[in-house]
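Protein chains in written order, with my numbering: chain A, 1 to 147; chain B, 1001 to 1290; chain C, 2001 to 2642; chain D, 3001 to 3135; chain E, 4001 to 4123; chain F, 5001 to 5359.
For the record, the hints were derived by calculation from the structure and aren't laboratory data.
Honestly, I wouldn't trust all of these hints.
[Stated by the list, open to error] SDA-like, lysine to any residue: derived pairs with alpha carbons at most 25 Å apart:
#: 1; chain 1: E; residue 1: Lys4002; chain 2: B; residue 2: Val1166
#: 2; chain 1: E; residue 1: Lys4002; chain 2: F; residue 2: Ser5177
#: 3; chain 1: C; residue 1: Lys2486; chain 2: A; residue 2: Val127
#: 4; chain 1: B; residue 1: Lys1264; chain 2: F; residue 2: Asp5191
#: 5; chain 1: E; residue 1: Lys4012; chain 2: F; residue 2: Glu5027
#: 6; chain 1: F; residue 1: Lys5171; chain 2: E; residue 2: Arg4030
#: 7; chain 1: A; residue 1: Lys67; chain 2: F; residue 2: Ile5035
#: 8; chain 1: A; residue 1: Lys128; chain 2: B; residue 2: Tyr1052
#: 9; chain 1: F; residue 1: Lys5055; chain 2: E; residue 2: Lys4002
#: 10; chain 1: A; residue 1: Lys75; chain 2: C; residue 2: Gly2574
#: 11; chain 1: C; residue 1: Lys2486; chain 2: C; residue 2: Phe2501
#: 12; chain 1: C; residue 1: Lys2492; chain 2: B; residue 2: Lys1264
#: 13; chain 1: F; residue 1: Lys5055; chain 2: E; residue 2: Gly4049
#: 14; chain 1: E; residue 1: Lys4025; chain 2: A; residue 2: Val127
#: 15; chain 1: A; residue 1: Lys135; chain 2: B; residue 2: Lys1264
#: 16; chain 1: E; residue 1: Lys4029; chain 2: F; residue 2: Lys5165
#: 17; chain 1: A; residue 1: Lys141; chain 2: B; residue 2: Glu1067
#: 18; chain 1: E; residue 1: Lys4002; chain 2: B; residue 2: Glu1067
#: 19; chain 1: C; residue 1: Lys2596; chain 2: C; residue 2: Val2632
#: 20; chain 1: E; residue 1: Lys4025; chain 2: B; residue 2: Lys1264
#: 21; chain 1: B; residue 1: Lys1270; chain 2: C; residue 2: Gly2610
#: 22; chain 1: D; residue 1: Lys3066; chain 2: C; residue 2: Met2592
#: 23; chain 1: A; residue 1: Lys63; chain 2: C; residue 2: Glu2208
#: 24; chain 1: C; residue 1: Lys2613; chain 2: F; residue 2: Arg5259
[What the hints assert, rightly or not] A few chain E positions that, by computed beta-carbon distances, are all more than 10 Å from chain F:
#: 25; residue: Lys4012
#: 26; residue: Lys4025
#: 27; residue: Glu4026
#: 28; residue: Gly4033
#: 29; residue: Gln4037
#: 30; residue: Glu4043
#: 31; residue: Val4066
#: 32; residue: Lys4088
Just so we're clear, the structure is a prediction, and the values are computed from it rather than from any experiment.
Note that CB positions come from ideal geometry on N, CA and C, so glycine has one too.
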Amino acid sequence: MSYLTKSPWIIHYDASSCNGCDIEVLACLTPLYDVERFGIINTGNPKHADIFVVTGSVNEQNKEVIKNIYNQMPKPNVVVGVGICACSGGVFRECYNVSGGVGELIPVDVYVPGCAARPEQIIDGIVKALGILDKKYKDSKKGGDFK
Amino acid sequence: MTFEFFTNSSFIGAVLFILFAPLIGGIVMGIDRKITARMQGRVGPPVLQPIYDILKLFEKENMVVYESQNFWILSYLIFIVVTGVLFFAGSDILLVIFALTLAHVFLILGAYSTGSPYAHVGAERELIQLMAVEPMIIIAAVGLYQVTNSFDTAGIIQSTFAPVIVLPGIFLGMVYILTMKLRKSPFDLSTSHHAHQELVKGLTTEFSGSTLGMTEIAHLYELVFLLGFLFLFFGTAAPLIGIAVILIVYFLEVFVDNATSRVKWQFALKSCWIVTAVLGVLNLLALYLI
Amino acid sequence: MDLLIFLILFPLIAAILMLLLPNGEIRDAIVKIAALIIAVSSVYLFIETFGKGISYVTIGSETVGMAILLCELVVAIFIIAISLKFRKYIVAALAIVQTAILVYAEEFASVETGFLNELFVDEFSVIMALIIGIIGSLICVYSVGYMKGYHEKHADVKDNRKLFFFVMFLFLSAMFGVVFSNHIVWLFFFWEITTLCSFLLIGYAMDEIAWKNAFWALLLNTIGGVGFSGAILFILVYSGNGDFIYLNNLIAAGPVFAMIPAALIAFAGLTKSAQMPFSSWLVGAMVAPTPVSALLHSSTMVKAGVYVIVRFAPIFELSYIGVLISLVGGVTFLLASAIAIGQSNAKKVLAYSTIANLGLVVACAGIGTQEAVWAAILLIIFHAVAKSLLFLAVGSVEHQKKSRDIEDMSGLISTMPKVAVMMLIGIAGMFLAPFGMLISKWATIHAFVNALPPFGMLLIAMIAYGSGITVFFWAKWMGKLIEVKKKSSPLKKEATSPEMFTLYCLTGLTVITCLLFPLISGFMIEPYIVEVYNGTVSQLLSLNNMLIMLMMLVLILLLPLSLGHFSKGRTVVGQYMGARPGVSGVSFAGSMGVTKEVELSNYYMEEFFGEEKLSKTGVILTIILLIVFAAVIILNLPGMVM
Amino acid sequence: MTIEEQKYTDIMKEDLLKNVKDKCESGYRLVQIGCGKFGDIFEINYSFEKEYSFENLRIKTTEGEKVPSISDIYWGSFIYENEIHDLFGVEVTGINLDFKGNLIRTTVKAPFNVKNVTKVKPEKKETAEKKTEDN
Amino acid sequence: MKLFSMTKTIFKTLGRGPSTIRYPKEPAKRYEGTRGQVEIKIEDCIFCGLCSMHCPSDAITVDKPVKIWTIDRFRCISCNSCVEACPKNCLCLNNVYHEPVLNGPLTESFTGSAEPAEVSSEN
Amino acid sequence: MSRRIVVPFGPQHPVLPEPIHLDLVLEDEHVIEAIPSIGYVHRGLEKLVEKRDFKDFVYIAERICGICSFIHSVGYCQGIENIMDIEVPKRAQYLRTIWSEYSRLHSHLLWLGLFADSMGFENLFMNSWRIREKILDAMEETTGGRVIQGSCKVGGVRRDISDSKLKDMVKDLDILSSDIEDLCHVFFDDDTVIHRTKGVGVISKEAAYSLGAVGPTARGSGVSTDIRKTGYVAYADLDFSPVVETGGDCYARCAVRARELLQSVDIIKQAVDAVPSGDIDVKVKGNPDGEYFSRVEQPRGECLHYIKANGKKNILRERVRTPTTANIPALVKMLGGCEMADVPVIVLSIDPCIGCAER
């Protein structure tokens, strides 16, 4: 196990969700769920983060923002899409300003469905992401490069 | 009490510091985080979490804005270690302080060199903090000299009675400063342990991977150094009381961290200087009356 | 010791030559040669006198004495005339008073003064001579390149380079005179010449603001001059002993007699070294071309002021007058540093930091203990080297960037890497650990701790706060230099070759003086102190600490090697911009659809460190101190006058 | 349970500023400005409230016509006026803080002015394509 | 004390101990009425398509001729609309949420026949 | 030479739970200019009325925002009901009231937490959210959803709460209110909190009124406006008066919300006492025809749903004017001349809900 799995720092961005999933992501940090048990810190700074938690769907305006955040995250990193909006655009999928789930823009490693996704679900999602993080790290060790 | 840099005892002190300070600092920080979590009604991370964090950072890709930023941070780390080494080897305390300032200037320059707005504001704030704490530390050093007649830490620590008895004001002032040095609320202006800060991560915004890891290690070294500095006020005359008081002080710092919001820089600067003047300078002047 | 006379006369000859030569390469070459000769001869002086202690030179000619007195009068008349012409009646009045006192003292002194040992040289003089000879002449070389560009850029300023170089060399001559004079009237003569030179150089641009500042400088310096002539009056008229007109005798006489003249001369020193409340002239003098600032107002001329105070330092040891002088210095140090925070004009920052550092020297000199004098001399050396480097570097940057504002130096490391690195070294020299100034500060703290209680602690408090403040304004400047928003290719030619040559030399000197400082301390300062304090000198800086500082310095010099390691294998990604879309470099998509660019400026915190408020406080505080100072002198007077 | 009374006053566009000024002077606060497109007509409601009495001024305008801004009277109206401009393409003249179409940036320009811009259900084909991509 | 008015709360919290649910070790907190996922008793389904019509996010597709009822879990907002619309009461909302998955889309199809519900998850 | 620092603040920024961006122009740390801009989360869901029939649109309406979710659905349903002249059963009205107040509790606690966090008071954040979880538990137990309740529908509510459960809820609230009081005490009295909030982002009563500020933002400036006073749902039967503070600064706005917590608890108690028995919904027949401005008081202030329909299944136009939109002009005014450190505090002090504002 790499140490990445022991101290995954997350960055959270609200793409264009209804806030429901956002506050649930935040709720994960608070006493009842306390993800710091797993060493998770919400850094809020892409350059420190290992896990990118996106809520909400992608539209023309935040496309660049999401890409910027993703590009500024040092490898290895994983992306967790939280909520059905991040998965597929959800209930707003047909709105004129929504272009769909996050997966269309950046590679998403874990999808957490739900509207709104519950904190336990999000924890599950992040735990799942840790495995991928570990794998990515090991691959990069083998490959000698972060891919 | 003259101090020889190349004696056995000072050499041992230095080596012990280099080897064990990160570990001790990490555990202290881990306990700190655990207590903080408990105060917030949470379980909190494992005690070794700070060490995991650092080890993780070295597993990450190193992402920079300009390559030169790593140079400044490496210098920062090295000079924090030099500070500690000088301190634990029993060297002149003023030199220790200057080395500490130098190290911090390197950190600040590292932040400046990235040209990022957040790091820039963080650097400015860190400078303000540096300016706020510097007087107290120098006064503390002079106070210790007045009591023990030695500028060498080796001499100070062997004082026949605990300096804190006649330097209560300076000790309290140092405790006040410590909050700022440890970047704890209410003085976590330039960068903060937790994210929700107006400056994102302030000073360290543009550092990632091993660069950030180096600043974290430096932070651990500094923590141990600062606690050591507080110990000087007790010295070998009252070591157990010293350790007990330091533990209490540290708990208090954690408590204060939890019981206050972040203040603005104006207040931080003003309050530090006033505390320095009232507790530090008056204590120094009072030494003549005794 | 004809060398002393040579050092005084040679620059004078060079100066006159300058008046005759037209602008052009011949003159430039001669400037360089003259500068070289001055530098070499000052080094030669050092070698010659090395380890010899104090030695005297007798000219013994009454004519020379009379000539000097006459010249003195000519200078006074010139000052009076030009003041009247510009309707600066106060300056004229002061000059008249000063001359009158001097003439009265000379004519009506009840004692005979011989002409013997008019010049002398000891380690302290040699140190000063080295500073003047090397740094001063380097600045002259720099001026060759600088002034050419200056006139290309300031078409409105009349090209008066003939006069410029004349005054520059005249100035060097006068400075040598100041540091070699043993006869106080001579000292005063050279002293007045430096005043005059500074007046001419500050007014070089000959526009309104230049004249205004020049006269302001003249005014404050003549106030000091009055004090100085008062000292001469006291020695000659009241002492009843003509021997005391010689510096060595006066100092040897000890505080009982020398206190009052020493205090009066120190007062003059305070004006010349731009201590509060007189500091404003130095700030105003920054209108002059940069080499002038470097020569007169950082490395040498103001050093004349502190030179005399440090000379008299043993007199002040553990006396209240000394404490008062120290406090004036301490207050100046603290407040001038604080004011520097609020400045963005590089030369103003340098000016205030000069005032502050001189304040520290004055504070040390006022304390007057062995350690304090040791610290003071160290401060003089390190300050001179680093500060002139900074001034000249700013001058070169000013030529390229058309601005002397620190904000405009943003990212200088990318556009003018060489100058920027040298500037960084200069700044580091001013406040960072293993570099010179910090060693001096260390010594200063050690010295203050043992000063007259409880004032020592007050001074400690001032230096404690002051050093925090110094860190702030220097570090933010350094930050500005290395803060690269967007990489750009460096300029091909950062400055003219004489400028670069000077900068290289001074950078080298900054580093070398730090590396050699144990030697400087051991072979030049300590012997002087032994001599002055008649006895053994205590261990001032333990060998261990020296070693540690040297190791730190070496470490700093080695660390840049790591840059090689860091320059590869890193992923380069732009700055964090709140993840704004459209990020390229440092521009970002702003509100209302406008693309904006990140601007980064330093903090100036004017609500805390406003220039006006703080200088007012400083002036009031120091005037109160000076009133007390005057009161102490007057109270002492009855007992002294025999 | 109380049902709020609905008061509308239809006014001419030219009288808008005068009427709004009256409202302002008699101490009403601006609740909202809302637009709707019904047929070819844009209906703009200016809602005001004073002591829980809720009133509306309504103007009608058509494509291409300009509507004066009331931001000189109610400083805060810029947010609604910019929104109307961005979503309906109604040109509002003289806004104090004119975002120039950058308050709400949309993929489709003036989406509410366009018929049926909500995306149609994704075609089966498209889904199939996506599937192959994902695999 | 006005400066540390948080003191009481802090010590209360310290005394009470953490209120954290140690989730993966402890089971998640659920209520009976928690809206989880839609479940179908496919054998009762008459493929009328009402649920599909009332689904606000078009998560449900009903293919009457081949008797396939499909739900896209990435679209379902667990609103209960379909359950209410169902004339045969063959739909219900359980209180278990769906596991996070590694790839999408996540559709589940149920074929109506004599056999028990066949669940197939396809990517 | 200017001494300006230009900082791009947001859209991604740790203190901002939602994307809004500000271009901050600073001198030292004084804000010279701050232009807010939104537009990152615009979805255009108002347009979805063309796709969804008026009954299903309630699911969209409550997803305008995950925090104010329930009250949005109340506002929407109320609009439709009033157009169609549907008499909603009394019990349903009371349940709506209770859930509305629960939403307010949860929203205010959430906000108090975020507000504390914006000034670096982590412990207060954690404690606020710890209490909030209890509110959410009650919500989840009664409605089935933690944040998106989904229990309001055109014609009534979809779930009933048993009387015994109502009693339990009141009991829980009693325990909770002592915790809440402790919490409020910190917001009211703590020196460091006062240092960060008093005199920060001041907006006068007149300015707040003329800028059209709503909710706690207006009430913090002394404007006594509370749409609940119009007596929608069951508020007409309940006794309460708007919480008004006169400071006009962040402290006042914070105090309004803190005091509203206790007020909400009180309203819930009153409502539970008065809740009548009976049906919880009526059958809705036909389609709406007409228009209505439906106003409800959200935690953030007055929210307006304008509905226009022409007798078809799909309504013509649904316009939502959310409180955040109304408060943005006030925010622009507040930001001028503050300190950089105040920016997050001020931005949060209007309780921005960008998801709402942009729909």
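Outcome of the hint check:
For a cut-off of 25 Å, the pair hint linking lysine 4002 of chain E to valine 1166 of chain B is broken: about 30 Å separates their Cα positions. For the hint linking lysine 4002 of chain E to serine 5177 of chain F, the alpha-carbon distance of about 21 Å falls within 25 Å, and the restraint holds. Proximity of lysine 2486 of chain C to valine 127 of chain A is assessed by CA-CA distance (about 40 Å); at most 25 Å being required, the pair is judged violated. A threshold of 25 Å between alpha carbons decides the hint, and for lysine 1264 of chain B with aspartate 5191 of chain F the separation of about 13 Å falls inside it, so the pair holds.
Straight-line distance between C-alpha atoms of lysine 4012 of chain E and glutamate 5027 of chain F comes to about 43 Å, which puts the hinted pair past the 25 Å bound. A hinted pair counts as satisfied when its Cα atoms are at most 25 Å apart, and lysine 5171 of chain F with arginine 4030 of chain E qualifies at roughly 21 Å. A C-alpha spacing of about 24 Å is found between lysine 67 of chain A and isoleucine 5035 of chain F, which places the hinted pair at or below 25 Å, so the restraint holds. For the hint pairing lysine 128 of chain A with tyrosine 1052 of chain B, the CA-to-CA distance comes to about 19 Å; that is within 25 Å, so the pair holds.
Note on lysine 5055 of chain F and lysine 4002 of chain E: the hinted pairing is violated, with a Cα-Cα distance of about 53 Å set against a maximum of 25 Å. For the hint pairing lysine 75 of chain A with glycine 2574 of chain C, the CA-to-CA distance comes to about 15 Å; that is within 25 Å, so the pair holds. A distance of roughly 29 Å separates the Cα atoms of lysine 2486 of chain C and phenylalanine 2501 of chain C; the hinted pair therefore is violated under the 25 Å criterion. Between lysine 2492 of chain C and lysine 1264 of chain B the alpha-carbon distance is near 45 Å, which puts this suggested pair outside the 25 Å criterion.
Restraint check: the Cα-Cα separation between lysine 5055 of chain F and glycine 4049 of chain E comes to about 17 Å, which is no more than 25 Å; the hinted pair holds. Only pairs whose Cα atoms come within 25 Å are accepted, and lysine 4025 of chain E paired with valine 127 of chain A is accepted, the gap being roughly 13 Å. Under the criterion of a C-alpha separation no larger than 25 Å, the hint pairing lysine 135 of chain A with lysine 1264 of chain B is inconsistent with the structure, at around 44 Å. At most 25 Å may separate the alpha-carbon atoms for a hinted pair to count; lysine 4029 of chain E and lysine 5165 of chain F meet this at roughly 18 Å.
A C-alpha spacing of about 23 Å is found between lysine 141 of chain A and glutamate 1067 of chain B, which places the hinted pair at or below 25 Å, so the restraint holds. Proximity of lysine 4002 of chain E to glutamate 1067 of chain B is assessed by CA-CA distance (about 48 Å); at most 25 Å being required, the pair is judged violated. Proposed proximity of lysine 2596 of chain C and valine 2632 of chain C is contradicted: the alpha carbons are some 62 Å apart, above 25 Å. A threshold of 25 Å between alpha carbons decides the hint, and for lysine 4025 of chain E with lysine 1264 of chain B the separation of about 42 Å lies outside it, so the pair is violated.
About 15 Å separates the Cα atoms of lysine 1270 of chain B and glycine 2610 of chain C, which keeps this hinted pair within 25 Å; it holds. Of the supplied pair hints, the one linking lysine 3066 of chain D and methionine 2592 of chain C holds, its CA atoms being roughly 21 Å apart against a limit of 25 Å. Note on lysine 63 of chain A and glutamate 2208 of chain C: the hinted pairing is violated, with a Cα-Cα distance of about 59 Å set against a maximum of 25 Å. Taken as a hint, the lysine 2613 of chain C and arginine 5259 of chain F pair is broken in the structure, with Cα atoms around 44 Å apart against an allowance of 25 Å.
At roughly 7 Å from the closest C-beta of chain F, the C-beta of lysine 4012 of chain E falls inside 10 Å, breaking its exclusion from the interface. The Cβ of lysine 4025 of chain E sits about 19 Å from the closest Cβ of chain F, beyond the 10 Å cut-off, so the non-interface label holds. No Cβ of chain F approaches the Cβ of glutamate 4026 of chain E within 10 Å, the least distance being about 15 Å, so the stated non-interface status holds. With a closest Cβ-Cβ approach of about 4 Å to chain F, glycine 4033 of chain E is found to fall inside the 10 Å limit, against its non-interface label.
With a minimum CB-CB distance of about 12 Å to chain F, glutamine 4037 of chain E clears the 10 Å threshold, and the non-interface call stands. With a least CB separation of 26 Å from chain F, glutamate 4043 of chain E remains clear of the 10 Å interface cut-off, as annotated. With a closest Cβ-Cβ approach of about 26 Å to chain F, valine 4066 of chain E is found to remain outside the 10 Å limit, as its non-interface label requires. No beta-carbon of chain F comes within 10 Å of the beta-carbon of lysine 4088 of chain E; the shortest separation is about 20 Å.
The structure fails hints 1, 3, 5, 9, 11, 12, 15, 18, 19, 20, 23, 24, 25 and 28 (numbered hints given earlier, in ascending order).
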